[in-house]
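*Asks:* With the sequences and hints as input, model every part of the structure.
In the order they appear, the protein sequences are chains L and Z.
Everything in the first sequence is counted per this note's numbering, starting at 1 for the first residue and increasing by one.
Everything in the second sequence is counted per this note's numbering, starting at 114 for the first residue and increasing by one.
Hints in this document: simulated from the structure, not taken from any laboratory.
Zero decoy hints are in this set.
Simulated DEER-style distance windows between Cβ atoms:
#1 L:112 to Z:131: 43 to 49 Å
#2 L:12 to Z:141: 41 to 47 Å
#3 Z:190 to L:3: 27 to 33 Å
#4 Z:118 to L:78: 31 to 37 Å
#5 Z:132 to L:81: 37 to 43 Å
#6 Z:116 to L:31: 20 to 26 Å
#7 L:17 to Z:116: 29 to 35 Å
By construction, the Cβ of each residue, glycine as well, lies at the ideal position given by its N, Cα and C atoms.
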Amino acid sequence: GENVEQHPSTLSVQEGDSAVIKCTYSDSASNYFPWYKQELGKRPQLIIDIRSNVGEKKDQRIAVTLNKTAKHFSLHITETQPEDSAVYFCAAVGAGGSYIPTFGRGTSLIVHP
Amino acid sequence: NAGVTQTPKFQVLKTGQSMTLQCAQDMNHNSMYWYRQDPGMGLRLIYYSASEGTTDKGEVPNGYNVSRLNKREFSLRLESAAPSQTSVYFCARGDGPYGYTFGSGTRLTVV
Numbered sequence: 001g002e003n004v005e006q007h008p009s010t011l012s013v014q015e016g017d018s019a020v021i022k023c024t025y026s027d028s029a030s031n032y033f034p035w036y037k038q039e040l041g042k043r044p045q046l047i048i049d050i051r052s053n054v055g056e057k058k059d060q061r062i063a064v065t066l067n068k069t070a071k072h073f074s075l076h077i078t079e080t081q082p083e084d085s086a087v088y089f090c091a092a093v094g095a096g097g098s099y100i101p102t103f104g105r106g107t108s109l110i111v112h113p
Numbered sequence: 114n115a116g117v118t119q120t121p122k123f124q125v126l127k128t129g130q131s132m133t134l135q136c137a138q139d140m141n142h143n144s145m146y147w148y149r150q151d152p153g154m155g156l157r158l159i160y161y162s163a164s165e166g167t168t169d170k171g172e173v174p175n176g177y178n179v180s181r182l183n184k185r186e187f188s189l190r191l192e193s194a195a196p197s198q199t200s201v202y203f204c205a206r207g208d209g210p211y212g213y214t215f216g217s218g219t220r221l222t223v224v
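*Replies:* Written as C-alpha cells, this is what we have:
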C-alpha cells in the first residue's frame, strides 16, 4: 500500500519567515495530494491540493509543489503569521477506485510573534 | 456548516466496556471513513465504506466494528474497550472522487 513520509515533525519560525513542509510518497499511481490544517482541538480542514498533472499551485500565501519523478511534494507558506500555527498533514490518494487518502504523520508549525 | 456530525464529543470508558460512536453526513455521498488520531502518528484509517451496505478494513481495524446503517450514517463500535484505544476519532465523508470533510471528532479515554 501507499506510504507517506512527512518532515519535519516540528517547525518553529518567526513571524514573517517562510515555512516549508515536505512529503514523499511510495505509490507512483497516486495522483491527488491534499494538505490539511488542524488547529488545536479542531477538525482537519483542507487548505490546498494538487493533482498529478500540475507541478505547482498557489493560493495567496500558500503554495504546493509536486515532483512526480521524485515522488515528493511540498507545502510552502510565506510571510507566516501567528494564526498559521497548527498541525499540517499531507496526504496521497491513489486512483485504485477507493480514493482513500494515506496521511503523513503531521508537522506542528509554531509561528512566534 | 455541519457537513459531518459526530457524537459524542467526549467519552470516558472503563476497560472492557462497550460503546458506539455515531457519525452522520448531511449529504448522500457514497464514501465514509473512520480514522483515529494519536500524537505523532497522524490519521490512521480504521474502516471505510465505499457505498451503502459495504464496509472494508483499513490500517488499524482490530478491536473495532462498523455499520453503514444507511447512506447518511456510519457508526464505529468498540465491543470491549482497551486503554490502547484511547484516542481522538474522526469520521469523514468523501466529497466526490477527491476531497474529504471531517467531523469534529470524539475524544475517547479508556481507563
